[in-house]
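Keeping the supplied structure of chain A fixed, place chain B upon it in accordance with the hints.
There are 2 protein chains.
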Amino acid sequence: MFAAPGMSTTYGLHRALLLNGAGTATMFLDQRRSWGEIGERVARFAAAILELGVARGDRVGVLMLNQDRYLELYLAIAWAGAVIVPLNIRWSVIENEDALRDCRPKLLVVDLAFAEMGVELSNRIDGLALIYADDPPAAALPPGTLNYEALIAATEPVEDARAAETDLAGIFYTGGTTGRSKGVMLSHRNLMSNARNAAGEWGRIDNPVYLHAAPMFHLADAGAMYGHLITGAAHAVIRNFSADAVAEAIDMFKVTDTLLVPTMIQMVADNPGLERYDVSSLRRINYGASPMSEAVLDRAMARLPGVEFLQSYGMTELSPIACFLPWKDHIGEARAKGRHRSGGRPTTGVEVRIVDTLDTPLPVGEIGEIVARGDTVMMGYWERPEETAKAVIDGWMHTGDAGYRDADGYFYVVDRLKDMIISGGENIYSVEVERCLAQHPAVAQCAVFGIPDPRWGEAVHATVMKKSGTEVTADELITFCKDRIAGYKCPRSVTIQAELLPMSGAGKILKREMRKPYWMETSRGVN
Amino acid sequence: MFAAPGMSTTYGLHRALLLNGAGTATMFLDQRRSWGEIGERVARFAAAILELGVARGDRVGVLMLNQDRYLELYLAIAWAGAVIVPLNIRWSVIENEDALRDCRPKLLVVDLAFAEMGVELSNRIDGLALIYADDPPAAALPPGTLNYEALIAATEPVEDARAAETDLAGIFYTGGTTGRSKGVMLSHRNLMSNARNAAGEWGRIDNPVYLHAAPMFHLADAGAMYGHLITGAAHAVIRNFSADAVAEAIDMFKVTDTLLVPTMIQMVADNPGLERYDVSSLRRINYGASPMSEAVLDRAMARLPGVEFLQSYGMTELSPIACFLPWKDHIGEARAKGRHRSGGRPTTGVEVRIVDTLDTPLPVGEIGEIVARGDTVMMGYWERPEETAKAVIDGWMHTGDAGYRDADGYFYVVDRLKDMIISGGENIYSVEVERCLAQHPAVAQCAVFGIPDPRWGEAVHATVMKKSGTEVTADELITFCKDRIAGYKCPRSVTIQAELLPMSGAGKILKREMRKPYWMETSRGVN
Chain A
11 MFAAPGMSTT YGLHRALLLN GAGTATMFLD QRRSWGEIGE RVARFAAAIL
61 ELGVARGDRV GVLMLNQDRY LELYLAIAWA GAVIVPLNIR WSVIENEDAL
111 RDCRPKLLVV DLAFAEMGVE LSNRIDGLAL IYADDPPAAA LPPGTLNYEA
161 LIAATEPVED ARAAETDLAG IFYTGGTTGR SKGVMLSHRN LMSNARNAAG
211 EWGRIDNPVY LHAAPMFHLA DAGAMYGHLI TGAAHAVIRN FSADAVAEAI
261 DMFKVTDTLL VPTMIQMVAD NPGLERYDVS SLRRINYGAS PMSEAVLDRA
311 MARLPGVEFL QSYGMTELSP IACFLPWKDH IGEARAKGRH RSGGRPTTGV
361 EVRIVDTLDT PLPVGEIGEI VARGDTVMMG YWERPEETAK AVIDGWMHTG
411 DAGYRDADGY FYVVDRLKDM IISGGENIYS VEVERCLAQH PAVAQCAVFG
461 IPDPRWGEAV HATVMKKSGT EVTADELITF CKDRIAGYKC PRSVTIQAEL
511 LPMSGAGKIL KREMRKPYWM ETSRGVN
Chain B
11 MFAAPGMSTT YGLHRALLLN GAGTATMFLD QRRSWGEIGE RVARFAAAIL
61 ELGVARGDRV GVLMLNQDRY LELYLAIAWA GAVIVPLNIR WSVIENEDAL
111 RDCRPKLLVV DLAFAEMGVE LSNRIDGLAL IYADDPPAAA LPPGTLNYEA
161 LIAATEPVED ARAAETDLAG IFYTGGTTGR SKGVMLSHRN LMSNARNAAG
211 EWGRIDNPVY LHAAPMFHLA DAGAMYGHLI TGAAHAVIRN FSADAVAEAI
261 DMFKVTDTLL VPTMIQMVAD NPGLERYDVS SLRRINYGAS PMSEAVLDRA
311 MARLPGVEFL QSYGMTELSP IACFLPWKDH IGEARAKGRH RSGGRPTTGV
361 EVRIVDTLDT PLPVGEIGEI VARGDTVMMG YWERPEETAK AVIDGWMHTG
411 DAGYRDADGY FYVVDRLKDM IISGGENIYS VEVERCLAQH PAVAQCAVFG
461 IPDPRWGEAV HATVMKKSGT EVTADELITF CKDRIAGYKC PRSVTIQAEL
511 LPMSGAGKIL KREMRKPYWM ETSRGVN
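Those sequence lines, one after another, are chains A and B.
Each residue of the first sequence is one higher than the one before, counting from 11 in the working numbering.
Each residue of the second sequence is one higher than the one before, counting from 11 in the working numbering.
If you are wondering where the hints come from, they were derived from the structure by calculation, not from laboratory data.
Check each hint, because a few of them may be wrong.
To be verified - Simulated restraints, written as ranges between beta carbons of each label pair:
id, chain 1, residue 1, chain 2, residue 2, range
1, A, A32, B, G213, 48 to 58 Å
2, B, S291, A, G316, 19 to 29 Å
3, B, E523, A, A174, 17 to 27 Å
4, A, I135, B, W337, 46 to 56 Å
5, A, C113, B, E159, 57 to 67 Å
6, A, A174, B, W337, 30 to 40 Å
7, A, G283, B, D288, 46 to 56 Å
All C-beta atoms, glycine included, are put in the ideal place defined by N, C-alpha and C.
Same shape as in the complex, but just chain A (with noise of 0.2 Å):
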């Protein structure tokens, strides 16, 4: 019997190719590049490291702003039957360095703002070989780095290796709760299967163009990028997020889709220059990370009117998307009833359901933890086979959130079972902040947590027991976190005492008693 091939993460650039050869694919700046060219780039670029010795199954690594060369690289690298690893631009480099440790690529691309950092790495890590991908001349690097538009001239283009579905094909870092990053390992079906899901629920517009404005690395961002190649939209690329400079784009690319995370959404319509751009273009915002508040989903639709809210919730150990909450749902009488508050229902590709500690699936209404099946469930933790046994249990990948659902499916996220923080859309592992403050000399007790916070969603704010007879200011700690860890992971505030923090009979620090005054006058955190 005949088992019917799948797609690699190539398939739209195929379908492009067939079906808008001629038609624009990328915008940068001022550049411009239609399908015909990217075909043949990505075909030439992908030649280019198996000469340098790339093996099926190899790792890229990836370290650069947003641009046009990293849709390039998402395809580039599968046509070679290799897997991307895009790493994240807020990282230490020796958070970068630990990662590139765990997963031992042979090359790592980088653009203009991280050469310095990619030399560093290089220097650090033997055997991991350099590729400058951007523009202007990069004064930091040594002789010899490889460039890749010289490699893409020097170069034919080979045939797609046509990875397996059930091919690795890209290894995600996420912050662990453990304290150490851990690769999600995404198979090319794991993404087509996304892509599907995603393309179904935004339904077909004509000439579609999609706006990367959240960073590139980032599966939120890479997911909607997979999806929008099979619906056949242009993509176009801002090198970093800023009200401005996606109103700027909007307007200049006449942009119709894009995906923010609602601290973005807030700045774009809260821009006072917004005016200056004409953005009647843009159809639909797709956000994640957290339902958008009332204030800030009012001020959204009254400075882009006509433009449709549509929120995914996920996470990309799910490729990443679970559910999805459309417009519909933000206004009218579904808003009444409270759904634009919900992470929506699930995709037409995915099970969701409630259980509790024993994985005994809730009724309507009972909170218990959020878990999620279907093709779209990660490989698993890159070289972390029980940590990956501890998420997906019978093929139910566990969330760590707590929800609940109502009774037409609608699911509820109340809080997080895992110690994390989400803060601007990224997601912030408690302990591995505390780690980290824990090894000043100062700090005899500490507990980090998010609180409430205008703009970002939720801060991170540390509350520390500092040791007798030490002095400490909030300053020198928050310092002494960004010397060791990203900046967004460091505290904005810090509350210092003299005395234990609450904890329980066990010993364990009561960080719920901690979080609930900071929490009390929101919607969010209910415990």
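Then chain B, alone, in the frame of chain A:
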């Protein structure tokens, strides 16, 4: 590493139970059932057939006109882990007997219309038990015949067997070029991938209601059913197609979506009584089997304003859809370019190309065979590995259609390589009709082919050389066929001659030569 499980065809039911348990699932005559009720009935009927000895992978035949229980059967047989075999309601006893002997089901489910044929089949085939699934009592049934409702009432529900996605879900019989019908084996994944593709092309509308107007045994309607199961639509059902029944059902059930072949669309649009019904709820008609003629498209647009037409091109072996032609390609500039005459562009999970006889891909504009690849390609023909190997080469399903593609990736069907006639949406293999005619004592030679028909697209025509010394009329030959093969396959017209048919040097009848004069005036059948 963890291999994410795919979906069984019961997925849509689980999703509906979660999202919309109290919502309407089926509407048929005066009967309304909620998803909760359907879930209960499905789990009970699955239990019943398991108790009757149906094991995982066993086949269950269904021979019924449309009704709400047909939807339950698709779901319940999958729920039991068994394989549905929907039989063609237009086939003769002999043809259905052939199919049943081929795939050897243990059970056959029939309705009132097929009670008599069911008894005949169960008499002819040892070990084939009969289940009657209809409301009026059927006089023809022998005592002891099993009753669908009695089985449901007497059995406790079981858990879903959760078929693996690679398990066989259904066998769909198609006419065979060899004159014997072949069982197309479709896996759960085949059907669910097609459902995801289709649901993506349709997009989401509020409160969808799908009308089963085409026969539910046919994969065109069943494919739409699986798609609408994952979008959460309600299912309205009419027993048989008629122009009046469709209009009445749209009015009564507030239908938003249906699937018809162009012949049916024409009948609905030309119905002089259409104005008696309120059909304003109807938003989309998905049609297939062939493009719509200019005249039918114009009349349909005029009589059904506000309805969008969407074509799908495919075949049973592709689960069934390869290409979609959206509404926008039926109007305006696209129509001026003639796009409404194409079969559309590859859907988001399928690759389509044109190849020559050596399977080399052909460039834009060149005519060759249309082949398609993806996870919707069938598992094969039931117990026919050689025919499977001929049809599926390197993953590519060879459609037997000749066509070309344009620079924008639109595929145009220009001819059928297989000697097949499509009349009123049904595939008729000429060889089967020729084999029947050849058994008549007066027939020396015959050729059967399609000729243009304003109502059915094509009509079956036979040209016969009579044996010298015999006399025979067209009516006699048509009656002869009607006694032996399904009515829709029988010639509508017969030309009788004393001379040899035109033949090639190798002695092959030049059917193309014979077809040509009939097709001179039309745009199809270009050679």
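Here's how the hints hold up against the structure:
Our hint of 48 to 58 Å for A32 (chain A) and G213 (chain B) is violated, since their Cβ atoms are close to 26 Å apart. A C-beta distance of roughly 26 Å is found between S291 (chain B) and G316 (chain A), which places it inside the suggested range of 19 to 29 Å. Distance hint check for E523 (chain B) and A174 (chain A): the Cβ-Cβ separation is about 47 Å, which falls outside the suggested range of 17 to 27 Å. Our hint of 46 to 56 Å for I135 (chain A) and W337 (chain B) holds, since their Cβ atoms are close to 54 Å apart.
Checked against the given bound of 57 to 67 Å, the beta carbons of C113 (chain A) and E159 (chain B), roughly 59 Å apart, stay inside it. Here the CB-CB span from A174 (chain A) to W337 (chain B) is close to 36 Å, well matched to the stated 30 to 40 Å. Judged by the Cβ atoms, the range 46 to 56 Å given for G283 (chain A) and D288 (chain B) holds: they are separated by roughly 50 Å.
Of the hints listed earlier, those the structure fails to meet are numbers 1 and 3, in rising order.
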